[in-house]
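Participant: Fit chain B to the known structure of chain A by using the hints.
Number of protein chains: 2
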Amino acid sequence: MNGLGIHLLLELKECNPKLLNDLEFIRQALKDTANDVGATVVGESFHRFSPQGVTGILAIAESHISIHTWPELEYAAADIFACGSTFRPKEAAEILVAKLESRSPEIIEVQRGMTLQAIIG
Amino acid sequence: MNGLGIHLLLELKECNPKLLNDLEFIRQALKDTANDVGATVVGESFHRFSPQGVTGILAIAESHISIHTWPELEYAAADIFACGSTFRPKEAAEILVAKLESRSPEIIEVQRGMTLQAIIG
Numbered sequence: 001m002n003g004l005g006i007h008l009l010l011e012l013k014e015c016n017p018k019l020l021n022d023l024e025f026i027r028q029a030l031k032d033t034a035n036d037v038g039a040t041v042v043g044e045s046f047h048r049f050s051p052q053g054v055t056g057i058l059a060i061a062e063s064h065i066s067i068h069t070w071p072e073l074e075y076a077a078a079d080i081f082a083c084g085s086t087f088r089p090k091e092a093a094e095i096l097v098a099k100l101e102s103r104s105p106e107i108i109e110v111q112r113g114m115t116l117q118a119i120i121g
Numbered sequence: 122m123n124g125l126g127i128h129l130l131l132e133l134k135e136c137n138p139k140l141l142n143d144l145e146f147i148r149q150a151l152k153d154t155a156n157d158v159g160a161t162v163v164g165e166s167f168h169r170f171s172p173q174g175v176t177g178i179l180a181i182a183e184s185h186i187s188i189h190t191w192p193e194l195e196y197a198a199a200d201i202f203a204c205g206s207t208f209r210p211k212e213a214a215e216i217l218v219a220k221l222e223s224r225s226p227e228i229i230e231v232q233r234g235m236t237l238q239a240i241i242g
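Line by line, the protein sequences give chains A and B.
The first sequence begins at 1 in this note's numbering and counts up one residue at a time.
The second sequence begins at 122 in this note's numbering and counts up one residue at a time.
Extracted from the complex, chain A is given alone in its bound form (with noise of 0.2 Å):
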């Protein structure tokens, strides 16, 4: 089964809390996971806030990887939408979660446009 994209959610548990609150660590690290899978940026958008907690997002050309940090917790949530073989999502979650030193991941993987597929297929 195969849809016009793969979307997957990861739950990114008993990081380095350190890491989650590092805004040019997590920049880079979302840069180098998306360089790593031969994914091209095409726009960013990075913020850190107060008193702690990190959103990054990369715009990938019709695709994206985000995410949130909540260093307090240890915990990321992150999402990786890669559409077509633009690149490969699967891939660039399993370098997140090292980057991240995840010792406890959890991914869920959500078809998108499943029927449209159907219909072009």
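In case anyone wonders, no lab produced these hints; they're calculated from the structure.
It is possible that part of the hints are untrue.
Derived lysine-lysine pairs resembling DSBU-like cross-links, with alpha carbons at most 30 Å apart [claimed, not checked]:
1. B/K139 to B/K211
2. B/K134 to A/K13
3. B/K139 to A/K99
4. A/K31 to A/K90
5. B/K134 to B/K152
6. B/K134 to A/K90
7. B/K152 to B/K211
8. A/K31 to A/K18
9. B/K220 to B/K134
10. A/K31 to B/K152
11. B/K211 to B/K134
12. A/K99 to A/K13
Label-pair restraints from in silico Cβ distances [to be verified]:
13. A/Q28 to B/Q232: 25 to 31 Å
14. A/M114 to B/P172: 41 to 47 Å
15. B/E227 to A/N16: 33 to 39 Å
Being a predicted model, the structure only gives us computed values, none of them experimental.
Idealized CB from N, CA, C, for every residue including glycine.
Facilitator: Same frame as chain A, now just chain B:
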């Protein structure tokens, strides 16, 4: 059951295809949706692709709204991530459905950071 955040995945089928290919319309639609539900926008990234299609992402305080459009299929894949009570994601979803004139929307709801909420709740 409450987690740290609610993540809505919007399968927006049978939209108005002209709207889906209009970068400025998509930008304004997302921004108006965010404003209407009391979300604080902290960043944005919007892109139009050739020959068609738009990607748009709004970074909101510890949350986001994203959209990827396929005008040729009258389809858009959107997602709305809202943590805590920063804004009302289901109301945002309804507004976005109406703005894009989707006649066949499906909304998938995923609770994020569930066990963590149990720890701090």
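Participant: Which hints, by number, does the structure contradict?
Facilitator: Structure breaks hints 2, 3, 14.
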